[in-house]
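Given the coordinates of chain X, work out where chain R should sit on it, guided by the hints.
Respectively, the protein sequence lines represent chains X and R. Going by the numbering used here, 99 is the number at position 99 of the first sequence; the sequence numbering is gapless. To convert, count from 1 in the second sequence and add 1000; that's the numbering used here.
Warning: the hint list may mix true and false statements.
Straight-line alpha carbon distances no greater than 20 Å define the calculated SDA-like cross-link-like pairs of lysine to any residue that follow [claimed, not checked]:
#1 R/Lys1389 to X/Val382
#2 R/Lys1389 to X/Ser293
#3 X/Lys188 to R/Asn1018
#4 R/Lys1188 to X/Ala103
#5 R/Lys1214 to X/Asp257
#6 X/Lys410 to X/Val382
#7 R/Lys1389 to X/Met112
#8 R/Lys1225 to R/Lys1188
#9 R/Lys1268 to X/Asp359
#10 X/Lys389 to R/Asn1133
#11 R/Lys1188 to X/Arg108
#12 X/Lys30 to X/Tyr212
#13 R/Lys1225 to X/Gly17
#14 R/Lys1389 to X/Gly309
#15 R/Lys1389 to X/Leu235
#16 X/Lys225 to X/Thr261
#17 X/Lys410 to X/Thr261
#18 R/Lys1389 to X/Glu159
#19 X/Lys389 to R/Gly1045
#20 X/Lys389 to X/Asn365
#21 R/Lys1268 to X/Thr307
#22 R/Lys1389 to X/Gly294
#23 R/Lys1214 to X/Asn133
#24 X/Lys389 to R/Leu1016
#25 R/Lys1188 to X/Asn133
#26 X/Lys30 to R/Gly1045
#27 X/Lys30 to R/Leu1016
#28 R/Lys1268 to X/Gly309
Label pairs and their computed distance ranges (CB to CB) [stated by the list, open to error]:
#29 X/Gly360 to R/Asp1255: 29 to 35 Å
#30 R/Asp1362 to X/His130: 49 to 55 Å
#31 R/Arg1061 to X/Val254: 47 to 53 Å
#32 X/Ser293 to R/Asn1206: 48 to 54 Å
#33 X/Leu57 to R/Leu1104: 38 to 44 Å
#34 X/Gly360 to R/Glu1384: 41 to 47 Å
#35 R/Glu1230 to X/Asp323: 53 to 59 Å
#36 X/Val254 to R/Asp1359: 23 to 29 Å
#37 R/Lys1389 to X/Gly360: 44 to 50 Å
#38 R/Lys1389 to X/Val254: 28 to 34 Å
#39 X/His175 to R/Lys1389: 33 to 39 Å
#40 R/Pro1229 to X/His175: 55 to 61 Å
It is worth saying that the hints were derived from the structure and are not from the lab. Predicted model only: the values in this text are computed from it and were never measured. Cβ coordinates follow ideal geometry from the N, Cα and C atoms, glycine included.
Each chain, letter by letter, is given below.
There are 2 protein chains.
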Amino acid sequence: MAHRAELIAVGTELLLGNIANLDAQILSEKLAELGIDVLYHTVVGDNPARLRQALELARTRVDVILTTGGLGPTYDDLTKQTICEVFGRKNVLHPELESWLRALFADRGRPMTENNLQQAYLPENCTVFHNQNGTAPGCAFCEDGVHVLMLPGPPHECELMFRTGAEAYLRALSHEVIASHTLRIYGKGESEIEALLHDRIVNMTNPTVAPYAKSDECMLRVTAKASSPEAAEQLLAPAVAEVMGVVGEWVYGVDVDNLETVCLDLLKSRSLTLSTAESCTGGLIAKRLTDISGASAAFLGGVVSYTNGVKNHVLNVSQSILDEYGAVSEPTARAMAEGVRALTGSDYALAVTGLAGPDGDDRGNPVGLVFVALAGPDGTAVRECRFGKRTREHIRQQTANTAFDMLRRKLQ
Amino acid sequence: MAHRAELIAVGTELLLGNIANLDAQILSEKLAELGIDVLYHTVVGDNPARLRQALELARTRVDVILTTGGLGPTYDDLTKQTICEVFGRKNVLHPELESWLRALFADRGRPMTENNLQQAYLPENCTVFHNQNGTAPGCAFCEDGVHVLMLPGPPHECELMFRTGAEAYLRALSHEVIASHTLRIYGKGESEIEALLHDRIVNMTNPTVAPYAKSDECMLRVTAKASSPEAAEQLLAPAVAEVMGVVGEWVYGVDVDNLETVCLDLLKSRSLTLSTAESCTGGLIAKRLTDISGASAAFLGGVVSYTNGVKNHVLNVSQSILDEYGAVSEPTARAMAEGVRALTGSDYALAVTGLAGPDGDDRGNPVGLVFVALAGPDGTAVRECRFGKRTREHIRQQTANTAFDMLRRKLQ
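Next up, chain X with everything else stripped away, as it sits in the complex (with noise of 0.2 Å):
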């Protein structure tokens, strides 16, 4: 049977509204995809009281209980005094903990106040799971049939440790092995691609696939239950062929992280080099690209032209072609490609330019407007693009998709 689960954040600043409770929408979509199914969220302030009677309705109904925050160092931290008088257990210094904590504080070069000492109290006999964004450990332990895990509140905190501990622990809590793999898709919404499969979808049990619309792209999940990850996959292969027929023209990739990780993956491979030239996006493309480890290998570097001087001065972009045809036109991006690949000697250049909003230009063009431009060995070519009067951060991260995806089309 399945596991039924709880999640508990604990935090006045949830309930001042001063942010929203992004671990419990983390967490659940994990636990989802482990098989176990969240029944419950609840939110309480850093109040002992209201805690403990949540704790203690929580154990009546499910038999995992996740908590989110107050395990830092501060008097209002008061997570894990409440757990273990709920479930009676010790809360103890755990002395490896202390050492790790010193040496954190060392080596930054800070002196370690002794409230932090706090955050090396756990539970006694429980299973320690390491904060490696930040100072609060977390843990897990079983108390009368009731699983019990602690992480700490601040969503990379928490989405670090869930992956690196408490998916683990949770995971060999059952002896089903569910097992996924999920197809990337950029250009078409998530509506459109659930129509073109929808009578696949509905009568599939064992794999199921799901659509996801994941900030501004979509997702296909083909999940399978079974008694091995070996009998998964058999399940697995051919479900994803069958998706992969109707919709793999719009799939960038296969259980992988993003377009951007794609592409260098696609450079690396061929030894060829990228750089960027951005206006509207103003370094988010490089951004996301140095997100990456190892970037390196294949991006050379970029300019951001924020302002005509700079595409004219530096990206040797002509003043004709400013004048003529405005910063946000095609010849402006196809001059900004070429020119960004000449100064850095690059195998292929991309180039963005145009208007992310909230204002148009005073040549009327529309907010969503935007140019995309690669440049490579064998010329250039220019996408047009009219996003829309959305978001200025959607028409950014849009126009990056779409650079990404135009140099992972030419490459694969």
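Frame of chain X; chain R shown alone:
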């Protein structure tokens, strides 16, 4: 006495992690402004038994219940029926809502399927909240001293309905106002700030001061309750001044969005310009500046010099500096900043070079070593940072924060 509220969100998509509970954040923030204490957030799926249980519990512990979701036309929209059962009210057709719905569909030229009529049913004798962004109206009623408000799930519908309907309903319940100021801090951690302020914080009741860790920085929120906004402000001003007296050195702004906004505002107010040269951050600093619309008034552009070739050819960092000191060094950071300042003609230039990891370099420099340079009319300053072996993302964000903090300290 202040009213106490619980938010109950209804929707299996929340428990699957398909979406985050943004309604809870939106409503919590607005309730705090009205002086209503939010004590719990609860999420259940489209499951009448669990919703019923959540409602029965909520009515024992709060006097204001706000539900979000489950008001739509499909079979799994069960919020109204369940609430009516729990609170002993009839769910009745509101003829004026039926007319409104039929007119709405006619206006859109779409046939109205009969399941849509469900949306014209609301508890008898309730206050109706009209939906200006969708087809599901909301409502409020009071039973046994408990106020129950139902709002739709999609955040843009929920937020608008709160502002246009629910807010006035709730405001009429209370005579108290809550106001706050947020001090944004860079360069000191949450625990250090708390240690500095601890004695003051624990003794304050109105206003209160609370520290929060927020991604890679820290903030202090000073909050007051009073009978009017003016009276709240009179309580806040001396408390903010007292806190600033202790930690003001690290406060980069009050009620501001982030460091880069402060930098751009300082530059614009003095008609100064900025350019950037980025190695380890790979475009992140430029990206963060250009996240802000209107950045081009001060930010000219920059160079992402991810390889020594670009540092040398584009930024004019001499080959002898690169050979003698290496890419990650004080002289290289200095030459990058001066190089991009000369290239773009900006008043100020920020440059960063360092090791974001996961690997060190072949000179034995450790991960987390970063040099940040600020070149300006009166010379160039370089700061050496050691962020330790943290994630690539953390080191890159902290590098950008340090660069912005150097600039704002120079200009402030």
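Verification of the supplied hints:
A threshold of 20 Å between alpha carbons decides the hint, and for R/Lys1389 with X/Val382 the separation of about 41 Å lies outside it, so the pair is violated. For the given pair, R/Lys1389 sits about 14 Å from X/Ser293 by alpha-carbon distance, which is consistent with the 20 Å threshold. For the hint linking X/Lys188 to R/Asn1018, the alpha-carbon distance of about 19 Å falls within 20 Å, and the restraint holds. A distance of roughly 19 Å separates the Cα atoms of R/Lys1188 and X/Ala103; the hinted pair therefore holds under the 20 Å criterion.
The hinted pair formed by R/Lys1214 and X/Asp257 fails the criterion: a straight-line CA distance of about 26 Å is larger than 20 Å. Between the alpha carbons of X/Lys410 and X/Val382 the distance comes to roughly 12 Å, so the proposed pair stays at or under 20 Å and holds. Annotation: proposed proximity of R/Lys1389 to X/Met112 holds, straight-line Cα distance about 17 Å (limit 20 Å). Proposed proximity of R/Lys1225 and R/Lys1188 is contradicted: the alpha carbons are some 28 Å apart, above 20 Å.
This hinted pair checks out: R/Lys1268 and X/Asp359 have alpha carbons roughly 19 Å apart, not beyond 20 Å. With a C-alpha separation of about 18 Å, the suggested pairing of X/Lys389 with R/Asn1133 holds against the 20 Å cut-off. As the CA atoms of R/Lys1188 and X/Arg108 are separated by approximately 12 Å, the hinted pair is consistent with the 20 Å bound. With a C-alpha separation of about 14 Å, the suggested pairing of X/Lys30 with X/Tyr212 holds against the 20 Å cut-off.
Taking the CA atoms of R/Lys1225 and X/Gly17, the gap is about 17 Å. The hint holds against a cut of 20 Å. For the hint pairing R/Lys1389 with X/Gly309, the CA-to-CA distance comes to about 39 Å; that exceeds 20 Å, so the pair is violated. The hinted pair formed by R/Lys1389 and X/Leu235 fails the criterion: a straight-line CA distance of about 41 Å is larger than 20 Å. About 29 Å separates the Cα atoms of X/Lys225 and X/Thr261, which puts this hinted pair outside 20 Å; it is violated.
Restraint check for X/Lys410 and X/Thr261: satisfied, since their Cα atoms lie roughly 15 Å apart, inside the 20 Å limit. Restraint check: the Cα-Cα separation between R/Lys1389 and X/Glu159 comes to about 19 Å, which is no more than 20 Å; the hinted pair holds. With a CA separation close to 34 Å, the supplied pair X/Lys389 and R/Gly1045 exceeds the 20 Å bound. Restraint check: the Cα-Cα separation between X/Lys389 and X/Asn365 comes to about 12 Å, which is no more than 20 Å; the hinted pair holds.
Taking the CA atoms of R/Lys1268 and X/Thr307, the gap is near 15 Å; set against the 20 Å cutoff, the hint holds. Proximity of R/Lys1389 to X/Gly294 is assessed by CA-CA distance (about 17 Å); at most 20 Å being required, the pair is judged to hold. Only pairs whose Cα atoms come within 20 Å are accepted, and R/Lys1214 paired with X/Asn133 is accepted, the gap being roughly 13 Å. Our distance criterion of 20 Å between C-alpha atoms is broken by X/Lys389 and R/Leu1016, whose separation comes to about 31 Å.
As the CA atoms of R/Lys1188 and X/Asn133 are separated by approximately 17 Å, the hinted pair is consistent with the 20 Å bound. Of the supplied pair hints, the one linking X/Lys30 and R/Gly1045 holds, its CA atoms being roughly 17 Å apart against a limit of 20 Å. At most 20 Å may separate the alpha-carbon atoms for a hinted pair to count; X/Lys30 and R/Leu1016 meet this at roughly 9 Å. About 18 Å separates the Cα atoms of R/Lys1268 and X/Gly309, which keeps this hinted pair within 20 Å; it holds.
Between X/Gly360 and R/Asp1255 the CB atoms are about 30 Å apart, so this pair conforms to the stated range of 29 to 35 Å. Checked against the hint of 49 to 55 Å, the C-beta distance between R/Asp1362 and X/His130 comes to roughly 29 Å, which is inconsistent with it. Between R/Arg1061 and X/Val254 the beta carbons are some 48 Å apart, a value that agrees with the proposed interval 47 to 53 Å. Remark: the range hint 48 to 54 Å for X/Ser293 to R/Asn1206 is upheld by a beta-carbon distance near 49 Å.
At about 41 Å, the CB distance of X/Leu57 to R/Leu1104 agrees with the hint of 38 to 44 Å. Between X/Gly360 and R/Glu1384 the C-beta distance comes to about 44 Å, which sits within the given range of 41 to 47 Å. Distance hint check: the CB atoms of R/Glu1230 and X/Asp323 are about 54 Å apart, consistent with the given range 53 to 59 Å. Taking the beta carbon of each, X/Val254 and R/Asp1359 are about 28 Å apart, inside 23 to 29 Å as hinted.
For R/Lys1389 paired with X/Gly360, a C-beta distance near 46 Å keeps the hint of 44 to 50 Å intact. Distance hint check: the CB atoms of R/Lys1389 and X/Val254 are about 32 Å apart, consistent with the given range 28 to 34 Å. Range check, X/His175 to R/Lys1389: Cβ separation about 37 Å, and the 33 to 39 Å hint holds. Hint check: R/Pro1229 to X/His175, Cβ distance near 60 Å, so the stated range 55 to 61 Å holds.
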